[in-house]
Amino acid sequence: GAVVSQHPSRVICKSGTSVKIECRSLDFQATTMFWYRQFPKQSLMLMATSNEGSKATYEQGVEKDKFLINHASLTLSTLTVTSAHPEDSSFYICSALSALPGFNNEQFFGPGTRLTVL
Amino acid sequence: AQSVTQLDSHVSVSEGTPVLLRCNYSSSYSPSLFWYVQHPNKGLQLLLKYTSAATLVKGINGFEAEFKKSETSFHLTKPSAHMSDAAEYFCVVSVAAGNKLTFGGGTRVLVKP
Chain A
6 GAVVSQHPSR
16 VICKSGTSVK
26 IECRSLDFQA
36 TTMFWYRQFP
46 KQSLMLMATS
56 NEGSKATYEQ
66 GVEKDKFLIN
76 HASLTLSTLT
86 VTSAHPEDSS
96 FYICSALSAL
106 PGFNNEQFFG
116 PGTRLTVL
Chain B
4 AQSVTQLDSH
14 VSVSEGTPVL
24 LRCNYSSSYS
34 PSLFWYVQHP
44 NKGLQLLLKY
54 TSAATLVKGI
64 NGFEAEFKKS
74 ETSFHLTKPS
84 AHMSDAAEYF
94 CVVSVAAGNK
104 LTFGGGTRVL
114 VKP
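Taken in sequence, the protein lines are chains A and B.
Using my numbering, you'd call the opening residue of the first sequence number 6 and step up by one each time.
Using my numbering, you'd call the opening residue of the second sequence number 4 and step up by one each time.
FYI, nobody ran anything at the bench for these hints, they're computed from the structure.
Treat the hints with caution; some may be incorrect.
Stated by the list, open to error - A few chain B residues that face chain A, going by a derived Cβ cut-off under 7 Å, partial list only:
#	residue
1	V16
2	S17
3	G19
4	P21
5	K45
6	F106
7	G109
A quick note: this is a predicted structure, and the numbers were derived from the prediction, not measured.
Don't be surprised by glycine CBs; every beta carbon is placed ideally from N, CA and C.
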């Protein structure tokens, strides 16, 4: 149980285009989802926190107009990188959390999406 | 504010020997502490977590960690390394409000045959 998927696993796009990444909780309802960014050989940095049906909360320094997050249902959150540039190339990871008993507030992580902007 | 420092960016061990991954944390409140493992092309997997219960925490795959408040440390150990333990390990701290996780810089473990 507690599986989180991401789609696509890899994406290559041209500079100036937009890319959408999906994060799904497959077997549980996620009250909160998180988006992280990981540069090569570096740690994960939290980008934003999203709760179903409300606006995402972005961390300091993260451009909300560039990284659009939608959490339309309890099992799906999307991250759209708008007008992507080469410096946006990175590994994007989502996690999902359920407030239900038994989940112990544990975040379950997706496998990540590698974005390459040419 | 909270932060995590992993003292070693790389650790190399021989198969069958002990593994020690060091982690120090800083937190204004009583923290929850975690160790995650990241294998290539796989999602982060929780090894173990400390949430103010027993200070010695046992996790999966033979790993354990000890919470030492006086030293603000949460070092991860395993008595005997296996080839499958080769991966990136992250020490993580969380303060209850908002469930935000702060990751350490990571330690890459290499296991030699």
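Right, here's what the structure says about each hint:
1. V16: With a minimum Cβ separation of about 20 Å from chain A (threshold 7 Å), the hint on V16 of chain B is violated.
2. S17: Constraint on S17 of chain B not satisfied, violated at 23 Å.
3. G19: Hint violated; G19 of chain B Cβ to chain A Cβ min 27 Å, cut 7 Å.
4. P21: violated, 25 Å
5. K45: With a minimum Cβ separation of about 6 Å from chain A (threshold 7 Å), the hint on K45 of chain B holds.
6. F106: holds, 5 Å
7. G109: With a closest approach of 5 Å, the G109 of chain B hint holds.
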